[in-house]
Amino acid sequence: MTRKGRENLSLLLFVAPAFIVYFLFKLYPTFSGVYYSMTSWNGLSKTKQFIGFTNYIEIYSDTYFWKSMLFTSKYVIVMLLVANIIALSLAVAIESRKKAKGIFRTLFCMPNMISMIIGGYMWNFIFTKVLYYLADNWGMTIFDKSWIGNPRYAFIAIVIVSSWGIIGYLMIIYMAALQGVPVHLIESGSLDGANAWQSFFRITFPMIRHSLTICIFWTLNSMFQVFDVIYSLTGGGPGRETQSVAINIYEEAFSGNIRYGYATAKSMVLFLIVFVITIIQITVMKRKEQEL
Amino acid sequence: MKKMKKIISLMVTLCLVLSLAACGKKTVNSTAGEGNITKAPEAASEQPTEKAEPREAELSIMMSFPQYMDQWETYCKQFEDKMLAEENIKVKVNLEMPSSDQYDSVLQARLTGDDAPDLYTIHSNNIKTYNETGYLTDLSGEALAGKIFDNVKKTVSVDGKLLALPIESTAWGVLYNKDIFEECGLAVPNTLDELKNVCKVLKEKGYTPFLLAYQEQWVPQLMTALTIGGKVSGELPDWLDRMYADNGSYSEISDIFDVIDVIMQNGTERAMEEGSEAGSADFANGKAAMYLQGTWASNTIMTTNPEMNMGVYALPINNNEACTLINLSTSTTLGVYPDSENLDIALKFANYVLDDKDSSALFQACGFNPIATVHDYETSSWVKEAYQYVEAGRSYQDLVLPSAVTDEQGKLLQVYYVGGVTKEEITKTLDDKFKEANKLSKAAE
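Protein chains in written order, with my numbering: chain D, 1 to 292; chain E, 1001 to 1445.
Please note: incorrect hints may appear among the correct ones.
Over the 10 Å line for every Cβ pair with chain D, so calculated as not near, a few chain E residues [unchecked claim]:
(1) E1058
(2) E1096
(3) D1150
(4) E1183
(5) K1203
(6) N1285
(7) D1355
(8) V1383
(9) E1408
(10) E1424
Straight-line Cα separation of at most 20 Å, DMTMM-like style, residue types lysine to aspartate or glutamate; simulated pairs [what the hints assert, rightly or not]:
(11) E:K1092 <-> E:D1339
(12) D:K46 <-> E:D1339
(13) E:K1154 <-> E:D1398
(14) E:K1287 <-> D:D136
(15) D:K48 <-> E:E1132
(16) E:K1442 <-> D:E58
(17) E:K1287 <-> E:D1179
(18) D:K46 <-> E:D1115
(19) D:K67 <-> E:D1407
(20) D:K46 <-> E:D1138
(21) D:K67 <-> E:D1432
(22) D:K46 <-> E:E1269
(23) E:K1435 <-> E:D1407
(24) E:K1435 <-> D:E58
(25) E:K1203 <-> E:E1183
(26) E:K1153 <-> E:D1376
(27) E:K1439 <-> D:D136
(28) E:K1203 <-> E:D1282
(29) D:K48 <-> E:D1138
(30) D:K145 <-> E:E1269
In case anyone wonders, no lab produced these hints; they're calculated from the structure. All C-beta atoms in this analysis are idealised placements derived from N, C-alpha and C, irrespective of residue type, glycine included.
Starting from the given sequences, assemble the full structure and let the hints guide the process.
Here's what the structure looks like:
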């Protein structure tokens, strides 16, 4: 074997374990999903009838699916802004501290270590019991709202809980980026008379732009697939008022008419939408990064 | 140096690959191990021993009511002992109880993933679907078939075949606090006007009439189960058949909203923030005088307040007393997987659930109603009260609607409660949903 061949072989061997896992748990389910999406399988039957693109055509006029898509899009936009602004602000605030950095970092990261399904149930208790207790006994009438029952407040509740869960993770990425900003640039800026705002927006922010790309990519991707928080907090209710696409897919596959094939087709559509949006986002943001 | 690096890298890669292979190997081994445990009966009988070694077998059972885990674990242990003593079979029962809201998806994945449990619970409404896909054994020839009450047997039979063993069968209506009713001098209502009067008197005396707990959509759905059932059984007996033939409409039964409105307008506040368990506890503590829930909630209610004096009455739909009926239904049933490796033992377990000697204690411990001749225990006062309606001919067999329609009813009533949808919109949506379910059902045939 030539030297090049040996090198290739060793590279291949290195990649093999990861590739096998990736193939078994990611690629294979995805490709088999494409097949299932073209069947009328009910998830139980031993035979699967191939029906071509019929499921995809039906999705076009599925009002519940598009309603859940609209809700999810609204949720993604709000989460992109809220979670990233808070995470970046916290990262800057903690990084600017001289003492007790570790304590704050741990404190804000803690929710990220709790499973969101558990977090959702915890917050459900807070919204349905604790806040009413405060309203009834301590006169805090601002909390006397139907946090789970009223679709408007339920949306706010979902955003609060989701932000609580992911801010710690985003904050760590921003903090790592902030630590990479050379101190001499900030110092020379301040010598040139830049105030704190100017220093942040003209020096720090452009320097940490790559982390913004990562955080926005991650938020977009994971928030489009949101399931656990909503499932444990409102169950998608009242009715379907807070139903995300993932919950709509779950409902289609496992309850009611039990249409596994149709549900898989919906997940394929979700995949395509998220794929296109993230490709556009990364391309645009990478170009902006290079411009700087 | 470069060569050394390469050798090390190759060794590390090899280790990784081998460790992965080892993981695979372990799975294979463990499966083989299980295979060894589960010896075939022929293999056991081949052994030329004077004192036969007990045959060993594993039985996997999946059930949807984790709240009764202790009672069923004890029963499974009793079954293991009985099998060893009487049949010389050393059975190991693996009992699983996933949470009820994820139960269906877990079961579905197990059945299609060649990992089916030997016995599993399903809702009686799903028996037809599971039977069509070949996941249920016909139990008609088993000893248990002769023990089940005829009216209950009907709810678990398709084309004359007994396809599952009924576990939870109930006669249910509206739960009410007898002490509060007595204090206010009230009798159970038989018409809608009487119900309105009950609400009026209760309010005057400072009580909230109904406890509302709508956080989970299956709870408001109980209102449609009772109102549609009563209305259809009392006045429109062909409505359901016509609905299945795409020849009926919810607009024909629109007066069900009269009583639904009475309940919602005379209920506790913050219903969407109240789960079913919390609702049962609040009802037990006297937060409201009536609670539209099945007798299955009695376990939580009586645990919260053992002194509770509870009764059951049939919900009036309108002023026609013929519609004021108790609902007779079977919810949880136990099916046997036909391709089970230990089908003989699975069937023995199914029969043991209705064992002449032990079954009564199990059903009583779980608070289930008697479903077979072997159940000779004293039932609670509220169950007796519900069965008085049945004896008087004032009951109906629960209507079996397509699951998608049942789910939709619950969802729509949640939105109706928060004011997001009108009665007319509900009627139209449910008509469409029923037609869609019919279409899908026909396509599947």
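Now for the hints, and whether the structure bears them out:
| no. | hint | in the structure |
| --- | --- | --- |
| 1 | E1058 | 24 Å, holds |
| 2 | E1096 | 18 Å, holds |
| 3 | D1150 | 29 Å, holds |
| 4 | E1183 | 26 Å, holds |
| 5 | K1203 | 21 Å, holds |
| 6 | N1285 | 15 Å, holds |
| 7 | D1355 | 31 Å, holds |
| 8 | V1383 | 30 Å, holds |
| 9 | E1408 | 8 Å, violated |
| 10 | E1424 | 16 Å, holds |
| 11 | E:K1092 <-> E:D1339 | 19 Å, holds |
| 12 | D:K46 <-> E:D1339 | 13 Å, holds |
| 13 | E:K1154 <-> E:D1398 | 11 Å, holds |
| 14 | E:K1287 <-> D:D136 | 16 Å, holds |
| 15 | D:K48 <-> E:E1132 | 14 Å, holds |
| 16 | E:K1442 <-> D:E58 | 17 Å, holds |
| 17 | E:K1287 <-> E:D1179 | 13 Å, holds |
| 18 | D:K46 <-> E:D1115 | 14 Å, holds |
| 19 | D:K67 <-> E:D1407 | 18 Å, holds |
| 20 | D:K46 <-> E:D1138 | 19 Å, holds |
| 21 | D:K67 <-> E:D1432 | 17 Å, holds |
| 22 | D:K46 <-> E:E1269 | 48 Å, violated |
| 23 | E:K1435 <-> E:D1407 | 15 Å, holds |
| 24 | E:K1435 <-> D:E58 | 15 Å, holds |
| 25 | E:K1203 <-> E:E1183 | 13 Å, holds |
| 26 | E:K1153 <-> E:D1376 | 18 Å, holds |
| 27 | E:K1439 <-> D:D136 | 50 Å, violated |
| 28 | E:K1203 <-> E:D1282 | 17 Å, holds |
| 29 | D:K48 <-> E:D1138 | 24 Å, violated |
| 30 | D:K145 <-> E:E1269 | 11 Å, holds |
Against the hints set out earlier in the document, violations occur for numbers 9, 22, 27 and 29.
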